[in-house]
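*Asks:* The sequence shown begins at 530 in the numbering used here and counts up one residue at a time.
Simulated from the structure, these hints should not be mistaken for lab results.
Among the hints, a few may not be true.
Said to hold, decoys possible - DEER-style ranges, computed between Cβ atoms:
no. : residue 1 : residue 2 : range
1   : Thr693    : Asn611    : 39 to 47 Å
2   : Ile661    : Ala588    : 20 to 28 Å
3   : Asp687    : Phe616    : 29 to 37 Å
4   : Ser698    : Ile661    : 53 to 61 Å
5   : Gly622    : Lys569    : 19 to 27 Å
6   : Glu690    : Phe565    : 21 to 29 Å
To be verified - Result set (DSS-like, lysine-lysine): computed pairs, CA atoms no more than 25 Å apart in a straight line:
no. : residue 1 : residue 2
7   : Lys627    : Lys569
8   : Lys640    : Lys651
9   : Lys696    : Lys576
10  : Lys576    : Lys627
Just so you know, these numbers come straight off a predicted model, no measurement behind them.
Glycine is no exception: its CB is placed at the ideal position from the N, C-alpha and C atoms.
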Amino acid sequence: MAKFGNSIIKGLEISEIITVLNKAYADEWLAYYQYFIEAKVVKGIMKDAAIAELIQHAADELRHADMVANRILQLGGTPLLNPKDWFTHTNCGYGEPKDLDVVSILKDSIKGEQCAISIYSKLVDMTRDKDIVTYDIVSQILADEVEHEEDLQALHDDITEFITDIKKSLS
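Model the full structure from these sequences, guided by the hints.
*Replies:* Here's what the structure looks like:
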């Protein structure tokens with residue numbers, strides 16, 4: 530633990546920061562797995578574009594988990610050590626893919642990104658002017674999550690528009 534580094538934190542209990550970061554850590558691991566498995570099982574039109582996007586997002590979520598874990602350790606805490614704990618500490622949960630078509634997978638992924646945006650937005654507000662290091666980390670992650678939502682929404686919209694155009698041309 531960086532004692533002097535932690536001394537710059539003002540107006541927040543370090544234990545509180547560690548608790549919320551562990552919840553975010555759980556979210557990142559579950560998001561990683563969700564993207565990973567969705568890329569394996571997705572079916573339907575333009576699935577290759579969706580697979581590429583899902584694989585990239587999985588890599589980003591794993592990078593986020595690493596960033597959060599490193600910050601927890603800097604603060605003197607311990608990241609969640611047992612994957613079972615991810616389910617009890619998560620903010621956003623894990624939505625097992627039920628419908629494997631590309632449009633449904635993208636809708637589920639967009640909902641997950643919207644949850645992440647909400648959580649990281651709260652963490653940004655919580656740490657602003659109080660813990661600049663954590664603030665910087667969660668701000669970077671928030672920017673990625675906003676970009677993820679945009680990427681997924683654009684792909685979803687392209688696919689649904691393409692499907693609509695095909696249906697019109699067949700009528």
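*Asks:* When you take the CB atoms of Glu690 and Phe565, is the distance between them in 21 to 29 Å?
*Replies:* Once the Cβ atoms are compared, 27 Å apart, the range 21 to 29 Å for Phe565 and Glu690 holds.
*Asks:* Please check whether Ile661 and Ala588 have a Cβ separation lying inside 20 to 28 Å.
*Replies:* Given about 27 Å between the Cβ atoms, the range holds.
*Asks:* Taking the Cβ atom of Thr693 and the Cβ atom of Asn611, is their distance within the range 39 to 47 Å?
*Replies:* holds (46 Å)
*Asks:* Is Lys627 close enough to Lys569, meaning Cα to Cα at most 25 Å?
*Replies:* holds (13 Å)
*Asks:* Against the range 19 to 27 Å, how does the distance between the Cβ atoms of Gly622 and Lys569 compare: consistent or not?
*Replies:* holds (20 Å)
*Asks:* Holds or violated: are the alpha carbons of Lys696 and Lys576 at most 25 Å from each other?
*Replies:* holds (18 Å)
*Asks:* Given the proposed pairing of Lys576 with Lys627, does the C-alpha separation stay at or below 25 Å?
*Replies:* holds (16 Å)
*Asks:* Is Lys640 within 25 Å of Lys651, Cα to Cα?
*Replies:* holds (17 Å)
*Asks:* Tell me if the beta carbons of Ser698 and Ile661 are separated by a distance inside 53 to 61 Å.
*Replies:* holds (55 Å)
*Asks:* Holds or violated: 29 to 37 Å for the Cβ distance of Asp687 and Phe616?
*Replies:* holds (33 Å)
Of the numbered hints listed earlier, not one is contradicted by the structure.
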